[in-house]
Structures are given as structure tokens and as C-alpha cells.
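S.K.: Build out the structure end to end from the sequences listed, making use of the hints.
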Amino acid sequence: MASQEVKLLGFWVSPFSIRVEWALKLKGVDYEYIEEDIFNKSSRLLELNPVHKKVPVLVHDGKVMAESFILLEYIDETWKQDPLLLPQDPYERSKARFWARVAEEKLLEYSFTAMCTHGEKKEQALKSAVEAAEKIEEEMKRNNKKFLGGESIGYLDLAMGWIAYWLPVWEEVGSMQIVDPSQFPATTAWSKRFLDHPVIKQNLPPRDKMLVYFHERRKILGGLV
Amino acid sequence: MAEELSLLGMWASPFSCRVKIALKLKVVQYKYVEEDLFNKSPLLLKYNPIDKKVPVLVHNGNPLLESLVILEYIDETWQGYPIFPKDPYERAVARFWAKFIDDKLLPAIRRACWGEEKGREKAVEEATELLQLLEMELKEKRFFGGETIGLVDIVADTLSLWLTSFEEGSGVELMTREKFPKLSKWSHEFASTSAVKENLPPKDELTVFLKSLFGKPAK
Numbered sequence: 001m002a003s004q005e006v007k008l009l010g011f012w013v014s015p016f017s018i019r020v021e022w023a024l025k026l027k028g029v030d031y032e033y034i035e036e037d038i039f040n041k042s043s044r045l046l047e048l049n050p051v052h053k054k055v056p057v058l059v060h061d062g063k064v065m066a067e068s069f070i071l072l073e074y075i076d077e078t079w080k081q082d083p084l085l086l087p088q089d090p091y092e093r094s095k096a097r098f099w100a101r102v103a104e105e106k107l108l109e110y111s112f113t114a115m116c117t118h119g120e121k122k123e124q125a126l127k128s129a130v131e132a133a134e135k136i137e138e139e140m141k142r143n144n145k146k147f148l149g150g151e152s153i154g155y156l157d158l159a160m161g162w163i164a165y166w167l168p169v170w171e172e173v174g175s176m177q178i179v180d181p182s183q184f185p186a187t188t189a190w191s192k193r194f195l196d197h198p199v200i201k202q203n204l205p206p207r208d209k210m211l212v213y214f215h216e217r218r219k220i221l222g223g224l225v
Numbered sequence: 001m002a003e004e005l006s007l008l009g010m011w012a013s014p015f016s017c018r019v020k021i022a023l024k025l026k027v028v029q030y031k032y033v034e035e036d037l038f039n040k041s042p043l044l045l046k047y048n049p050i051d052k053k054v055p056v057l058v059h060n061g062n063p064l065l066e067s068l069v070i071l072e073y074i075d076e077t078w079q080g081y082p083i084f085p086k087d088p089y090e091r092a093v094a095r096f097w098a099k100f101i102d103d104k105l106l107p108a109i110r111r112a113c114w115g116e117e118k119g120r121e122k123a124v125e126e127a128t129e130l131l132q133l134l135e136m137e138l139k140e141k142r143f144f145g146g147e148t149i150g151l152v153d154i155v156a157d158t159l160s161l162w163l164t165s166f167e168e169g170s171g172v173e174l175m176t177r178e179k180f181p182k183l184s185k186w187s188h189e190f191a192s193t194s195a196v197k198e199n200l201p202p203k204d205e206l207t208v209f210l211k212s213l214f215g216k217p218a219k
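Line by line, the protein sequences give chains A and B. Take 1 as the starting number for the first sequence in UniProt numbering and just add one per residue. Take 1 as the starting number for the second sequence in UniProt numbering and just add one per residue.
By construction, these hints were calculated from the structure, which means they are not laboratory data. All C-beta atoms, glycine included, are put in the ideal place defined by N, C-alpha and C. Among the hints, erroneous ones may be present.
Unchecked claim - Not the full set, but computed from the structure, chain A residues with beta-carbon under 7 angstroms of chain B:
(1) 38
(2) 74
(3) 77
(4) 91
M.R.: As C-alpha cells, then:
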């Protein structure tokens, strides 16, 4: 639809803005991507997201929205073509929303902390990350379809997609292991299938640049701890 | 098949209260089970082994966890009173403010009221700034949901009775009428709504409870 204008403000290595790009690309929605330097925030970003001053920000026909999970739901409700990101059944939808939160608030938080810290703080974070990963592994085992969304990628796959690509980078940078393939076969298998999907494969930041970036972040953030 | 609906909650929890308010608005019958959070029941541990927290809504044997997730489920499952807006953009905005309240505002309020004396001034400043954002969002509306209460009002329940109790229990003043005329008015109107009024815990008991939970021994 030519009259619709979709803009996405993102950051090249942010799993939060990339998951929104995945959703738009899977649905075949045209959008203008605007790269934001989150360490030197533009006045445009500060104007569009004054509350959090973060990416991603989605602007659709002048309507401004933020928060990646919320954007995934908006995309699904606005562009109703396949793939349908959220399940139809309310209980299945609630499970998807719940597990997205567990992955984000527990696995992601603890993994990132473990990457940036040392000593006891690192051990604690690592332990909590592994606990969260174990719960997610159980859910992965329970799901006997190609993706968590069924035969096509869904909301929960997009929410957890960072596990397939960012987490191994953080593990390398942090000299740690959270998702050991031998201990987490279901998660590992799902990760491979997810990264193999043509849309996902073509929309990943370069790994070598990610390693450099997160090594820097680790140095800076680790120094503050 | 007869519907089976029960809510595992705790009388002093604003999160459990949100679910009660939503079910009342939808005029849905349910069985309420009071949980002793210091002595959790096998039922709670069975339905929420991950977090072991309330509220848990159990519908036809299916457990729903996390108050925001539960509110979405309630609105999708039962027709009648609309908790969420219909328009996708307005839904995104409502979800945004609900998340803001839970992720940013409530932790800041807790830190301001119950945190270390040392960081008190800064914490109060932060909480005040965040409350200002919500005050601005309310604009001239009666409720965040417009003429009637909606998602954001329900999620902001903590800002009515609980914040008053926090302030009384800790001695820290945050949401004064001078600084927050709109929110103060909203708080009163919200608490007076019938679906809310009959589900709020008694104020004095709540203040005592919160003080014992969060407060520190006298300096």
C-alpha cells in the first residue's frame, strides 16, 4: 500500500530492533530503516521516544510506538497476512507472551550480566542464566513443531531469536558457556532451524563486528561493576 | 462443559487486585484462593513452579501467570466490558504505559519509599520525574482509558491505595496534590469505581502489612 509509511529506528547490533525487522520482513511490509547511534542519540530519537530514549521505535503513518514485544503485537494486528505471529487460541497466546518474558527478563538479563562481570557476580549470574535456559529447554522439548510458532516463525521465535545468534557471541566474549549443545539439544536444534530460515539468515549483523562491539561493551560495563 | 475458574491471590497484592478488578468488570464468576506467601500451597507450587508467585489464574485447568499476561487473556476470552482499546495503535500505547508502570515506575517508587536513606533524595527525584510522565499522559482525561477505566488504570492500581499506604508507612511523600493534581484526582476517581472499590484491601491493615514487609527497624 503506497500510502502507508513505515519507519523503524534501530541499531545495527540490537537484538531488540532486529527482531522487529524480522517481523516486518516476514510479513513483507516495506519500511524505511533509520540507523541510530545509541551512544550519540539524535534529537529525532529523543523526540520520538522521550520516555526511554531507546530503539526500536516504529513510526506508522505518523503514529509513534516503542518497546519491541509491543511492536511485534502491533505488526501482527495491523498486517494480518501470513505468517500470523501470535497463536489464535487465547491460552496459547498467553503462553507465548509468558515465555517471551522469561527469556527476556531472566535468560537475557543474566547472560548479559554474566558476560560483563567477573568473580562471584559472574558465577551468580551464570547460575541464574543456566536455570532459565533449562526451563526454556523444557518448553523447546515440549514443542514438536519446526518452530515455536508452528510450521512458520512466530512471536516466540522472534522473541527468543537472540538466543540462536547473540548468545553464542556473548558466551565467547564472556569466556563462558550457558547453552551447552549436549545439555540443551532442543534449544540447539531450534537455533539451527531458526538461523537457517532465509529471512533470518539474511538479516543478521556480522559476527566479527559483534565480537568487537561486545568486547568493548564488556570492558566499559565491567569497569563500572 | 462447566467452566472452572479460580484465582490464586494474596489480599495485599496489587497484582492480584488487578485480576480481581478485570474479572469484576467482565462479570465473571470465579473461586478465590488466598495464598499465604510465607507458606506457599502445593497448588501454587504446582501451577507456578517457575516463579512461585501470585496471581495465578486457572481456567479449565490451564494456569495463567503474570498479571499483564492474565489481563490480556481475560480480555480475549470474555466479551463484554473492553479492558483493552480496539485500535492496534491505541493498544500499543496502552501496553506501553502498562509496561512503563511495572518496569520503571513501581521499582522507582519502592526505592524512593523504602530504599537506603543514603540514596533517598535521588530516588525520590527519579520517582517524581517518572510520575510526571504519567501525569502528562493522563492529560484532561478522567481515566487513562477515557471515560471508563481500562488497562492502564487497572495496572496503575498501585498508584492509588498502595502508594498512599507506602507514603504513610514510610513517611516519604511522592504524589502530592500540588505536584500531581491530575493523578491525585484520578486516584480518587479510580478508587471510587465500584469494580475497584469492592476489591481493594482495607487501608489500615495494608499500611501495617507493607510497613512490616518493606520497612526497616527505627533508626
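S.K.: Decide, hint by hint, whether the structure agrees.
M.R.: For each hint, the structure was consulted:
The interface hint given for residue 38 of chain A is violated, since its Cβ lies 18 angstroms from the closest Cβ of chain B, which is over the 7 angstroms cut-off. For residue 74 of chain A, the interface hint holds, the least distance from its beta-carbon to any beta-carbon of chain B being 4 angstroms, beneath 7 angstroms. At its closest, the beta carbon of residue 77 of chain A sits 4 angstroms from a beta carbon of chain B; the interface hint therefore holds under the 7 angstroms criterion. Annotation: residue 91 of chain A was flagged as interfacial toward chain B, and the flag holds, the nearest CB pair being 5 angstroms apart, inside 7 angstroms.
Hint 1 from the earlier list is the only one contradicted by this structure; the remaining hints agree with it.
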